[in-house]
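2 protein chains.
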Amino acid sequence: MEAFTFYNPTKIMFGKNQITHLGRQMRNGGIKKCILIAGQGSIRENGAYDQVIDSLEKAGIKHTEVWDVEVNPRLAKVREIIEQTKEYGAEAVLAVGGGSVIDTAKAVAAGVYLKDVWNAFVHKEIIKQALPVYTVLTISGSGSEMNGGAVITNIDTRQKWSVTSQHLYPRLSIIDPTLQKTLPFNQTANGAMDAISHILEFYFGNEKALSTLTINEALLRTIIDTTDLLQKEPHDYDARANFAWSTTLALNGLSGVGMRGGDWSCHGIDHALSALHPGISHGEGLAAILPAWIEYLSEKEPARFFRWAKCVWDEENVIRAVRRLRNKLEGWGLATSLRDLSIKPDELDQILDMIMVTPTIGGVFKLNEDEVRALLMLAY
Amino acid sequence: MEAFTFYNPTKIMFGKNQITHLGRQMRNGGIKKCILIAGQGSIRENGAYDQVIDSLEKAGIKHTEVWDVEVNPRLAKVREIIEQTKEYGAEAVLAVGGGSVIDTAKAVAAGVYLKDVWNAFVHKEIIKQALPVYTVLTISGSGSEMNGGAVITNIDTRQKWSVTSQHLYPRLSIIDPTLQKTLPFNQTANGAMDAISHILEFYFGNEKALSTLTINEALLRTIIDTTDLLQKEPHDYDARANFAWSTTLALNGLSGVGMRGGDWSCHGIDHALSALHPGISHGEGLAAILPAWIEYLSEKEPARFFRWAKCVWDEENVIRAVRRLRNKLEGWGLATSLRDLSIKPDELDQILDMIMVTPTIGGVFKLNEDEVRALLMLAY
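First to last, the sequence lines map onto chains A and B. Going by the working numbering, the first residue of the first sequence is number 1, and it counts up by one from there. Going by the working numbering, the first residue of the second sequence is number 1001, and it counts up by one from there.
In short, the hints are calculated from the structure, not lab data. A couple of the hints might just be wrong.
Calculated pairs, DSS-like style, for lysine-lysine (alpha carbon to alpha carbon, straight line, at most 27 Å) [said to hold, decoys possible]: (1) A:K208 - B:K1310; (2) B:K1181 - B:K1124; (3) B:K1208 - A:K181.
This structure is a prediction, so every number in the text was calculated from the model and none was measured.
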């Protein structure tokens, strides 16, 4: 097992009606004025918005609102909100929504202290401080509610890049699973795919980290089983709660302990796909890439994949396990090929160029341009 | 799944040579002067002491030392160290050792701000602040390195009681598994028993918390498997590292998520045993009680124990799973009955009196005096 540092100071308040605590928690954290960031309006329907406003008002916390953060959140929007945040004098950023909203909030929280926030994403500037981030999670999957990472898309340069900082861990995240019971199933499936990929980006990193491997197998099985349950019965509270908590743990540090930082090829490829086609959600892109990635690599190094096949799918054969994974994703309504995502064959070269900003990609299995091309063909 | 709050701000630095970071970490935390607390001297032999002193000196941190904290740490010693801490003007408490040393350090850290530290244990006084606690772990098992709890024994009143506070989470814990390679196996076995019992105190609390159940099964299997490996090969670094990390996770909050606070009967009974016989280690007491506790309860509510039998021991039958557990503990050299711990039959009434300070014990399975007597007989 590799040496590691584990530090996750985010407080989680989980369960029904936990939003009632939000205002007092912010008040106790010294906040009197915040900017509330939201997406396309679903929080008005699921009840989150009314509960949040009620809790803020009861605690005497002033706020202003910014709406319309999109899936694959945009740099232009982040820049706009940074200006509003400064103008309003907000002392905290409150995200009410899913991963896109939370990532936007984190970029804003850091951005108010930076000359240009994009510099932090292209690694020209280090994040040394940020406004405190509070979140109310309404879609599980990204794990952003309990980590220090954010992914933002620069449409002009077609770059979907990420940043990580200890200053970006939310101070408090509220996870009320009942808010998710009205989600269309495809959003739950996207979230499941996202969380599964977070675990698998780490999982093959170190066969000696038994403690992390067994925990990750537990998380994978719980996510798969609860997604199946939610497909049949979206109102099953316990399935929703166990799903939500497992997806949080999938990217809060735990799943990566001793795993050499993970691989992240599939995320890199998906980021290129969705930078080119912002309509492709993160879960959709990953579903098209991840099974092909395992299939491609398992031909080269089959032994690395035996444990996953056995412990997650109860299969002795890796190819059969990949087939089980593909069938599962298709059963959830996810496309498992680039063709099914309506990518055109003549776009593959452009996608390849966008992926290969370094000579190889992948922290665990290093792939060069030829190998990534072969992988894209297999995923097509 | 029950509502819960998860908050664990302890930073963990894990792996070989991590002690070199200690001094700078303390310095960055604003500490210039600390009190170092240690046990019977094993840290001079395993190398921890020299590394700690070197790191403190390089960072220019002054310190004073207190030695001779015992297993089942004593209130009298805590009181003594509180006075020394005040006198020296220490700004932090640094524990170098196992759970007894860390628990002592926590009690000291809180005690400097209390009129009488024991008041916090008997719930007459709330801990509102504490000195920062830093730890260098040299024996895994208690989990104290990553939680806010401490257990102290008052010899005069024969009370072994615990306290929990968010102010008692260590600010930083360093876990270097190489320090444990020279431990006698019985100490590893005691630590394994302690961690297993932490998980099982929670495990039967809520059959709907699937995410926590599957993680706890993973932790149990890893602890059992790595203890077996360490019995054969104490120098196996990966076994030691996976063992260490799993025992930390067994009581850092993760294993109790959605579990209604757990049961804690076995800990309560063990605390009575070792308050009467301070020579009985925590792991030894638990090994004598825990299998009997499962056996006793599974006769009343067998269905509650099926999942444990199946998922941890691959057994359809609970009694066979209990037998497997007992055989495993005996294979590790642990006594699994009160008789084998040299408890005398005529002491059982006194032990029962010490246990039953409330009409029933157990947060999940409430046991009255008659039931606890029957359980003690079964454990005898």
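To see whether the hints hold, each was checked on the structure:
1. A:K208 - B:K1310: This hinted pair holds, its Cα atoms lying about 25 Å apart.
2. B:K1181 - B:K1124: violated (42 Å)
3. B:K1208 - A:K181: holds (17 Å)
Of the numbered hints stated above, the single one contradicted by the structure is hint 2.
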